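Enquirer: Below, each chain spelled out in residue letters.
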Amino acid sequence: MAALLTLDKLTKTFHLYEAEQTIEACQNISFEVQPGEFVGITGKSGSGKSTILKCIYRTNLASSGSIVYDSAAFGPVEITTLEERKMLHIRRYEIAYISQFLSVLPRQSAKQIVVDSAKDAYEEKSEQEEAAIEMLKHFEIAEHLWNVFPNTFSGGEKLRLNIAAAMVKHPRFLLLDEPTASLDNASKVKVRELIEKLKSEGTTMLGIFHDLEFMEGLCDKEFNMQKGSFV
Amino acid sequence: MPKTLEHNFVEQAPILRLEDLNKSYGDGCEYCSKEDAVLEKNICPKCHTVHALRGVNLEVYPGEIVGVVGESGSGKSTLMQCIYFDKNPSSGACYLTPYKEGTENIFEVSEQEKLKIKNLILGMVYQNPYLGLRMDFSSLSNIAERQIAAGSRNVHEMMDRSDELLSEVNISKWRAKEAPKNFSGGMQQRVQIAKALSSNPPILLLDEVTTGLDLSVQARVLDLIKDIMHEFNISMLVVSHDLGVIRMLAERTYVMLDGKVVESGLTDQILEDPQHPYTQQLVYSLL
Ligand SMILES: Nc1ncnc2c1ncn2[C@@H]1O[C@H](COP(=O)(O)OP(=O)(O)OP(=O)(O)O)[C@@H](O)[C@H]1O
Ligand SMILES: Nc1ncnc2c1ncn2[C@@H]1O[C@H](COP(=O)(O)OP(=O)(O)O)[C@@H](O)[C@H]1O
Ligand SMILES: [Mg+2]
Ligand SMILES: [Mg+2]
Ligand SMILES: [Zn+2]
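From first to last, the protein sequence lines are chains A and B. Take 91 as the starting number for the first sequence in the numbering used here and just add one per residue. Take 1105 as the starting number for the second sequence in the numbering used here and just add one per residue.
Keep in mind that the hints were calculated from the coordinates and are not lab data. Heads up, a few of these hints could be off.
Below, computed lysine-lysine pairings styled on DSS-like, alpha-carbon distance capped at 30 Å [as the list claims (entries may be wrong)]:
hint : chain 1 : residue 1 : chain 2 : residue 2
1    : A       : Lys-134   : A       : Lys-227
2    : A       : Lys-215   : A       : Lys-287
3    : A       : Lys-215   : B       : Lys-1330
4    : A       : Lys-209   : B       : Lys-1364
5    : B       : Lys-1330  : B       : Lys-1222
6    : A       : Lys-176   : B       : Lys-1204
7    : B       : Lys-1138  : A       : Lys-176
8    : B       : Lys-1364  : A       : Lys-176
9    : B       : Lys-1191  : A       : Lys-227
It should be emphasised that the depicted structure is a prediction, and the values quoted were computed from it without experimental measurement.
Kindly produce the complete structure, drawing on both the sequences and the hints.
Expert: Right under this line is the structure:
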């Protein structure tokens, strides 16, 4: 089977002009993610884990190396140089990036956020609504929270809302950036169950965790990072 | 569960395309006509010509909100005003797909055609509401003026549409007969938006719509702009020196410095991984 994602010698160096510094965030990272796999990356804070995910999502521009993603719309594409409009299409319909933080602070109810996201996947208003409600239930967001602005949500609730908004579009590929950071143990267990469920449903995932224990038995492949490289 | 939509990517031409746009105040000289001439900010050290725009290339695709950021004086308003024919560019071209399939440089068409483009294809919301509104006329007459310019003649239809637009931008019915000079800045901007939309233009130009408004009013105007984009599928060029505004509205962003575009890209990339030294300074100072 063709890999869904292939990284070859990905290197990212940040040039900070004012401070006259360069930061080598990751070097020569190579690995593959097959369809349906869950690949985990662990490592200390600052070792370069997020940088890899951000290069894949193109929030960071790779300095060298290649990232080939097998897109449903375009076939294999080189993400590092892909046209912006195509990258936006992939972000909208194929790859979701999830962290514990709400990416924007929307002045919208939790349910509306999921409905809005569903607009990319469903034509009819009634279908969008139905799909959103199913996701809210699926990810156990209590019904009394549906009409509340999520600013006041707990970390775990925000995370589950983010996942619900992302999953309502049925992305083919999920990037998870420390989804368990700063969660209590009970919430961590929930996240783990959730990932197991997504996996059983066939979603391909690449996740970052600094918590080795958490990943046990979950990953098909596991990489450990130290100072910007896999060890 | 219903079936999800198919997502084929449709190759589209940009709805607005700027090519090598230049605007200078002054005659220029041998020194500053060279492409790599070093200026003092945007001013020629030899002849003191102000180069407000230098070789700007930019594209807006259908249904997209594109951001332009840059510090004060970088040329943002000049850019918008050139596109809207308020200022004559010194050189360059602009093509709009809704106008003759984008085959003609709109800077070179007749004055009459320019008026048509202004009234039917472009909508403008000015940084300074005094440029966009007649402050002594009621909001309704302000809107009617544009509707008539765009060719509407049916008074009932016009009234219905202005009512609808003013309610869309949250101006209550009983205030619509009032002159905007009595309104707050946020209300004036909302009347400008209603006016710009009144002829259903496919392209909207927004120059610092939220600047000077307090935060809660800003948020409401921003929500309004997003709603408009979803509802009417209008393409927008949004100028702001506020990165928060750009982050919230635009998926792609251009960064301007001293009349030039120094960097462009996906907005989150510009904010998190700026490549140009100036963009880094801008991002770190404004975030
Ligand atoms: N009529 C004019 N004569 C000379 N210089 C001008 C004229 N109009 C504008 N300029 C200059 O052109 C440059 C760009 O001005 P512009 O209004 O486009 O800036 P801006 O990016 O919109 O700034 P702001 O964020 O303050 O609104 C400035 O240096 C300005 O002084
Ligand atoms: N946008 C950025 N600009 C400058 N340096 C950055 C940026 N993002 C990350 N870095 C640096 O790159 C290194 C790796 O960061 P990161 O990938 O976030 O680590 P991790 O996710 O493993 O904690 C760190 O030294 C960090 O400070
Ligand atoms: Mg990280
Ligand atoms: Mg301006
Ligand atoms: Zn000169």
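Enquirer: Take the hints in turn and mark each one as holding or not.
Expert: Do the hints match the structure? See the list:
1. Lys-134(A) to Lys-227(A): violated (34 Å)
2. Lys-215(A) to Lys-287(A): Satisfied, since the Cα-Cα distance of roughly 27 Å is no more than 30 Å.
3. Lys-215(A) to Lys-1330(B): Roughly 18 Å separates the two Cα atoms, so the pair holds.
4. Lys-209(A) to Lys-1364(B): Violated, at about 37 Å.
5. Lys-1330(B) to Lys-1222(B): holds (23 Å)
6. Lys-176(A) to Lys-1204(B): Holds. Lys-176(A) to Lys-1204(B) sits at ~27 Å (cutoff 30 Å).
7. Lys-1138(B) to Lys-176(A): violated (36 Å)
8. Lys-1364(B) to Lys-176(A): holds (26 Å)
9. Lys-1191(B) to Lys-227(A): Violated: Lys-1191(B) and Lys-227(A) sit about 55 Å apart, past 30 Å.
Comparing the model with each earlier hint shows violations of hints 1, 4, 7 and 9; every other hint is respected.
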